[in-house]
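Peer 1: Chains as they are written, first to last, in the working numbering: chain A, 1 to 212; chain B, 1001 to 1212; chain C, 2001 to 2212.
Derived from the structure by calculation, the hints contain no laboratory data. Don't take each hint at face value.
Stated by the list, open to error - Result set (PhoX-like, lysine-lysine): computed pairs, CA atoms no more than 20 angstroms apart in a straight line:
1. B:1034 x A:159
2. C:2034 x B:1211
3. A:211 x A:159
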Amino acid sequence: MQELLHWFQHLSVVIESGAVLAGALSGLLAAAHKRLDLVGVFTVAFLTAFGGGTLRDLLLDQRPFFWVEHQHWLWFLLALCLLAVLFMRQRHFEPTERAMQWPDALGLGLFAAIGVSKALAVGMPELVAVLMGVVTGVFGGVLRDVVCNEIPSAFNDHKPYAICAFVGGWAYVGWWHWSGSSEQAMLLCVVLTFGLRALALWRNWVVPAWKI
Amino acid sequence: MQELLHWFQHLSVVIESGAVLAGALSGLLAAAHKRLDLVGVFTVAFLTAFGGGTLRDLLLDQRPFFWVEHQHWLWFLLALCLLAVLFMRQRHFEPTERAMQWPDALGLGLFAAIGVSKALAVGMPELVAVLMGVVTGVFGGVLRDVVCNEIPSAFNDHKPYAICAFVGGWAYVGWWHWSGSSEQAMLLCVVLTFGLRALALWRNWVVPAWKI
Amino acid sequence: MQELLHWFQHLSVVIESGAVLAGALSGLLAAAHKRLDLVGVFTVAFLTAFGGGTLRDLLLDQRPFFWVEHQHWLWFLLALCLLAVLFMRQRHFEPTERAMQWPDALGLGLFAAIGVSKALAVGMPELVAVLMGVVTGVFGGVLRDVVCNEIPSAFNDHKPYAICAFVGGWAYVGWWHWSGSSEQAMLLCVVLTFGLRALALWRNWVVPAWKI
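Make a model of the complete structure from these sequences and hints.
Peer 2: Printed below as a string of structure tokens:
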């Protein structure tokens, strides 16, 4: 188990990088659909990749933000946007979107776990902590859609996304109470959230609609 | 007078609950109109009910937020959304909207009073304090409409809503200066804001349009 | 040089006033186009004039906001909105917009310089400081467009605006490192940003589009 956790610590840097990349590319594609210019492309990519965690830190009154502490990610994002505008074409969009589903699902789990853990660390009650985990994973995409003048897809695509993070967040809280180990809780949250999201993608799960 | 204030203190918990419920239901209905899924329904209900106070606290740099301190409201909101999706149908929408006008008008007054009082307590100048009162009462609905991809109805329906809270807020500030009693000022603000709003609803008052 | 800086200090108050006026009028016009009522007109004017700096201060966790410290600007804005609704008509719109281009361009430079300087003062890394400068100058307009339910024009009009502030911000950082004088850096940032923006307006420069 100890070895597994050690291995997970290293892995989480990889997952995080994948998740930020997935967020940035999702923002890039949304910006391209709306024919934004370079400024818009960068801003939407930034909001999608870092908006969730930034909103969480604003609400929890925590500083520094991730992108202030890890300035290199901003440079990377600038370069990515420039390269995308220069070299990315319509035919690359759909494969990119498909390829990003998996790092995005892994990232959802990791972001949820980080959000829950940060909220618990500053003494938030459990439900609030779980919601902070969901916000971390989901609100990047919400900000992307608000700026692109769309209803957030997280709110109306009827696919389980936030719900997977919600379940994973409760698993974090539960395991953390039971075992006292936040590393184990984090690992469980990532695995469970990712597993649920993967199942949802694979089996085309749909959240039941409000039959009005 | 002392007795009236004592009685008002108890009453204000009732008003607050009614106002949160009115906000949540207003968010629910907006989400239903836009065919949002459960995640969207909860988020929009949350934003409408708690968004104004949360924005005020962010601007004033005050913590904890109302929904962090009163976690049970989050559980209530979750339950309300689930029940609504299960049992609420189109035919319930219009009566709900109509029934919620009065708790909403009372809540507008209370939220305005709370906003002014919190802003004065941290030393804000008077106009800023009054605007914080308005923000508390009005910006929940603004956030609801932004997320639902509509121009905020508070900005273009030409019905006096924010303006009632603005007048009530100044009444708070004036009475508080004159008498030194924030409880009396609060009571006055609630009564005046509610009275104006009720008159506006009853007489169909309209804010004059910009004749362009 | 010393005299120039002294002169610039006085001038910057004038530039700032011009920029706030330009922002407020730009918000007014956008609100008029959308047929907002008085509440909407004031809110959009407020967001356009003060939204960028307020967002910057929220992100940097700095208080008080400009409009809290300089309450008279709020009174001025209220009066401006009332007067506009009473006396401004369609035929005044286009000349106003044209006349505001120059104070707006000057203000972009000053806001960028103020943003960079405040961010550096709280120890932000350089790229973050430059982005805070851009946010100060640009996000007022972004908030205006989000509330008016449009895609922000700063993101899709393909005209150099944020980019001028970005270049000016780097000039600030560079000169500040080299000379140690933040006054000189500020002056350089204003002149360069304004010069670029003026050139862009004069020569109709266009940011190359993403050829999808």
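Peer 1: Each of the hints needs a verdict: does it hold here or not?
Peer 2: Here's how the hints hold up against the structure:
Straight-line distance between C-alpha atoms of residue 1034 of chain B and residue 159 of chain A comes to about 16 angstroms, which keeps the hinted pair within the 20 angstroms bound. Straight-line distance between C-alpha atoms of residue 2034 of chain C and residue 1211 of chain B comes to about 13 angstroms, which keeps the hinted pair within the 20 angstroms bound. Our distance criterion of 20 angstroms between C-alpha atoms is met by residue 211 of chain A and residue 159 of chain A, whose separation comes to about 16 angstroms.
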